[in-house]
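Q: Residue-level listing of the chains:
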Amino acid sequence: MREAVRVVIVEDDTWLAEHYMRVLRRSGYEVYHAPHALAAIDVIDQVVPDVIVLDVLLTGTTALALLHELQSHEDLANIPVILATNLANQIALDDVASYGVKRIVDKASMQPEDIAIAVRSVVKP
Amino acid sequence: MEAAKGNNNRGGSNQSDLSSVVVAAHELKSPLVLMRQLALDIASGKLSNEEQQRVVDQLVHVSEKGLRLTSDLTRAEAVQSVLFDMQPVNAISVCDDVADELASLYNAHGRSLKRSRIRALPPVVANRDLLRRILVGFADNALHYSDIDGVVELHAQLLRDKKLVRLGVRDYGPALSNKNWRQLVRNLGATQPVQARPQSSGLGLYIAHQFAVSMNGRIGAVRHRDGASFYVELPISQQLTLL
Chain A
21 MREAVRVVIV
31 EDDTWLAEHY
41 MRVLRRSGYE
51 VYHAPHALAA
61 IDVIDQVVPD
71 VIVLDVLLTG
81 TTALALLHEL
91 QSHEDLANIP
101 VILATNLANQ
111 IALDDVASYG
121 VKRIVDKASM
131 QPEDIAIAVR
141 SVVKP
Chain B
242 MEAAKGNNNR
252 GGSNQSDLSS
262 VVVAAHELKS
272 PLVLMRQLAL
282 DIASGKLSNE
292 EQQRVVDQLV
302 HVSEKGLRLT
312 SDLTRAEAVQ
322 SVLFDMQPVN
332 AISVCDDVAD
342 ELASLYNAHG
352 RSLKRSRIRA
362 LPPVVANRDL
372 LRRILVGFAD
382 NALHYSDIDG
392 VVELHAQLLR
402 DKKLVRLGVR
412 DYGPALSNKN
422 WRQLVRNLGA
432 TQPVQARPQS
442 SGLGLYIAHQ
452 FAVSMNGRIG
462 AVRHRDGASF
472 YVELPISQQL
482 TLL
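Taken in sequence, the protein lines are chains A and B.
The numbers in the numbering used here rise by one with no breaks, and the one at position 55 of the first sequence is 75.
The numbers in the numbering used here rise by one with no breaks, and the one at position 230 of the second sequence is 471.
Watch out, some of these pointers could steer you wrong.
[Said to hold, decoys possible] Each computed EDC-like pair below joins lysine to aspartate or glutamate, with the alpha-carbon atoms no more than 16 angstroms apart:
#: 1; chain 1: A; residue 1: Lys-122; chain 2: A; residue 2: Asp-70
#: 2; chain 1: B; residue 1: Lys-287; chain 2: A; residue 2: Glu-133
#: 3; chain 1: B; residue 1: Lys-287; chain 2: A; residue 2: Glu-38
#: 4; chain 1: B; residue 1: Lys-306; chain 2: B; residue 2: Glu-342
#: 5; chain 1: B; residue 1: Lys-355; chain 2: B; residue 2: Asp-337
#: 6; chain 1: A; residue 1: Lys-122; chain 2: A; residue 2: Asp-134
#: 7; chain 1: B; residue 1: Lys-355; chain 2: B; residue 2: Asp-370
#: 8; chain 1: B; residue 1: Lys-270; chain 2: A; residue 2: Glu-133
#: 9; chain 1: B; residue 1: Lys-355; chain 2: B; residue 2: Asp-341
[Said to hold, decoys possible] Computed footprint of chain B on chain A, listed as stretches where at least three residues anywhere in the stretch have a Cβ under 8 angstroms from a Cβ of chain B:
#: 10; segment: 39–47
#: 11; segment: 90–96
The set of hints was computed from the structure by calculation and includes no laboratory data.
Beta carbons: idealized from backbone N, C-alpha and C, even for Gly.
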């Protein structure tokens, strides 16, 4: 039997993270949360998730630094990343695709279930 | 490492006014985005009673944060043209007020705001409401930057040689990067909001600076290995010494 799909949410707004977790758990995903990039590295190392949902403007180290770090590890470089951001209209998917970013979700216009739809769309069958 | 500014470079051009509006809009976007998501979550009808109550509480707190920001921003613009009452203020009681005001918010986040290193202090010359708003802003900000389950500290100390009292908020979270710290040091107290941390518009520091300057004080910051302190320094009231 296949294990549940593991999702790591990197989001420094704890209540927004809690909201994502609620939505994703309802959809049957196993969800973990890291409030900033440094914590994310530990959680990702430990969990080795199937998908990462990443905010762009993070406390401390930026999301871009985290993406660089992930790309430098062979076992983590291929984890699909979904950017969930208020800056969606300023980021082109083509510009960040080389960092493993598969989808960009606009926090300002998304529906709650969109985060689950985005995860579903990038998980390998 | 420490940085402080208290210059009186007030005023601004139409360009800077426009920048302030853009920054304010950016700063308000996050609470609005969260409120929208929480409201949609309630509307989905998929929440348990317990979850629904928690989400409603969060909605209230987030909207209050947004209202505080708009209120402070309006006030910060007004301090440029309005003279506020200045009087001897018991800084410790202001710290108590701030801790009481934010207790519910901190509790909702599962964190605590503690008063530490607060001993007997002489009164400072200040406007009580503006001082409270500065500290509420720092403490509100610290909540966002401190680690989950972390403690945030309100502290006060007498700088006897400078005849000042320093009131600050210490958070324990990811340290500021050298780049962000340099930017903060360079711009702290500027007439425009400056980005103090990666996802911050700097509007909170701009407001705090405006309030502090209007009270002949200054704001500053100290970088720690495990977080940061933001503080305001105000002159000691000489009233009692004249008795």
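Q: Just to make sure I understand the rule, a stretch counts as covered if three or more of its residues have a C-beta closer than 8 angstroms to a C-beta of the chain. Does the segment 39–47 of chain A meet that for chain B?
A: holds (count 4)
Q: Next pair to validate is Lys-287 of chain B with Glu-38 of chain A; report whether the Cα-Cα distance is within 16 angstroms.
A: holds (15 angstroms)
Q: Given the hint that Lys-355 of chain B pairs with Asp-370 of chain B, test it: the Cα-Cα distance must not exceed 16 angstroms.
A: Violated: Lys-355 of chain B and Asp-370 of chain B sit about 21 angstroms apart, past 16 angstroms.
Q: Has the given pair, Lys-355 of chain B with Asp-341 of chain B, been kept, meaning a C-alpha gap of at most 16 angstroms?
A: Given that 16 angstroms is the threshold and the Cα spacing comes to 10 angstroms, the pair holds.
Q: Taking only the CA atoms, is the gap from Lys-270 of chain B to Glu-133 of chain A under or equal to 16 angstroms?
A: violated (20 angstroms)
Q: Do three or more residues of the segment 90–96 of chain A come closer than 8 angstroms to chain B, measuring C-beta to C-beta?
A: violated (count 0)
Q: Lys-355 of chain B and Asp-337 of chain B were given as a pair; does the straight-line alpha-carbon distance stay at or below 16 angstroms?
A: Distance of about 10 angstroms is within 16 angstroms: holds.
Q: Below or equal to 16 angstroms on CA atoms is what counts here, so check Lys-122 of chain A against Asp-134 of chain A.
A: holds (14 angstroms)
Q: Lys-287 of chain B and Glu-133 of chain A were given as a pair; does the straight-line alpha-carbon distance stay at or below 16 angstroms?
A: This hinted pair holds, its Cα atoms lying about 11 angstroms apart.
Q: Is the hinted pair Lys-122 of chain A and Asp-70 of chain A satisfied, with a Cα-Cα distance of at most 16 angstroms?
A: Given that 16 angstroms is the threshold and the Cα spacing comes to 13 angstroms, the pair holds.
Q: Does the structure keep Lys-306 of chain B and Glu-342 of chain B at a Cα separation of 16 angstroms or less?
A: It holds: about 12 angstroms lies between the C-alpha atoms, which stays within 16 angstroms.
Hints 7, 8, 11, counting from the list given before, are not met by this structure.
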